[in-house]
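These protein sequences, in sequence, are chains Y and E. Residue numbering for the first sequence is 1 to 264, as defined by our numbering. Residue numbering for the second sequence is 265 to 477, as defined by our numbering.
It is worth saying that the hints were derived from the structure and are not from the lab. All residues carry an ideal CB built from backbone N, CA and C; glycine is no exception. Mixed in with the good hints, there may be bad ones.
Reference listing, derived: stretches of chain Y covered by chain E, where coverage requires no fewer than 3 residues with Cβ under 8 Å from a Cβ of chain E [stated by the list, open to error]: (1) 104–113; (2) 205–218.
To list a few chain E residues with every Cβ distance to chain Y over 12 Å, as calculated [unchecked claim]: (3) 350; (4) 373; (5) 379; (6) 424; (7) 469; (8) 470.
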Amino acid sequence: MRWFPAALGLALAVALTFLTLPVVAIFVDSSPGQLLDSLGHRGALDALWLSLRTTAAALAIIVVVGTPAAYLLATRSFPGKAIVVTLIELPLVLPPAAAGIALLAALGPEGLLGGAIDAAGIELTLATAGVVVALTFVASPFYVRQAIGAFASVDRTLLDASRTLGVSEARGFARVMIPAAMPGLVAGGALALGRALGEFGATLMFAGSFQGITQTVPLAIYDRFSTDFPAALALSAVLVAVSAAILLSVKLVQGSEVLGGAPR
Amino acid sequence: MTEALTACGPLFADATVRLSFAGSDELAAQIRQGVRPDVYAAANTKLPDALHDEGLLSAPVEFATNELVLAVPKDSSIASVDDLTAKGVKLAIGSESVPIGSYTRDTLAQLPAAQAKAILANVRSNEPDVKGIVGKLTQGAVDAGFVYVTDVKAARGELKAIELPPEVEPQVTYAAGVVKGAKHPEQARAFLDELLDGTCAAALRGAGFGGAP
């Protein structure tokens, strides 16, 4: 029965070729000089800078709110918990266009909370803050899901031991649970970061596209696709490189078992 | 365009029509990247002419016209292009790379320079297609936008169209051609005839498009 290992190898070869060929083509199609040239173009640096700022802001919000929420979901049982978890995970499977429509219907000028947001003097649609909202919406389930798994897999005797020593739950959360769950939290953060960097549809529908204000790298790529293919390639190459760097650094910092076998 | 051709496409007897709608420029970019549809139709004559010059398209035929208008929500107080210069007015226009965007910029360029500058300063979003402009308008995200009169008509009373001064109104002409290397060149030519004079032509007139110039 030697055909089976061969079939496994073939499947891997097919998967690897299919998944890496388009990425390789991005770099083959553009010479390094062309790449640098295109990045110097009007708007490219604006888009990169905007993407970095909005992604960082979204990730900060996701971590600050998502970590305690995930801890609660991982350590408590209550009726309807499965429904709550499902609702939190819903944006994972929502098509980006549906996410954009949903955000407009909820937070747009004519949306459910539109009047209240306007009254508070906050501008979301067509503003940089709107990009952060869109990124946070689509990326947070990636983090929260991973964080729930990470907290749930921490050995409860650790926390219980600290509680019997008279340590408050808040201190136990900060001093015991977070350090113990850190590898899973970092992996979740990396996934959320990658998703936020690549966000396109919800951003375009909710925040629009304006250079330096709401035109993130994916929107800039789309805008240049037809008129300036080399520039679109160059921006794509940068996005690929940044995303690969994120993935790789997480693997290096955590060791390969983290992304490979994080318990759910 | 999407609605009119989706309605008449299945009625086309000679072949099954599969329609792929996207920004004219994206479709052109796809053809340049080697995608081979049978027919390419665009919201201008520039892109089909360019593809023809590159040997990728048959000589384009003009099959419909449209009108660039200023679109505003139905209860808006904006009454003319002059009202767009006020501070705080929010505008969405087409991105420079798509026909609706280049028509808009050509039109603005013919206004007095100070007025054009003030209007462009109020642009808050450069949308990659006209549906994005209409969506931002109907959702109240912007106060006004430049779109085709057919888009206002398709918005079913949500928007109203304000005509542009005739001296700045651009000539909006749609052209189509058979893609070189098309798998079904005969049916493609038959479909072009259909666009010029047939059910599709009638559907286009019904949606508010003008006849071939």
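Check: Against which earlier hints does the structure fall short, listed by number upward?
Finding: Violated hints: none at all, because every hint is consistent with the structure.
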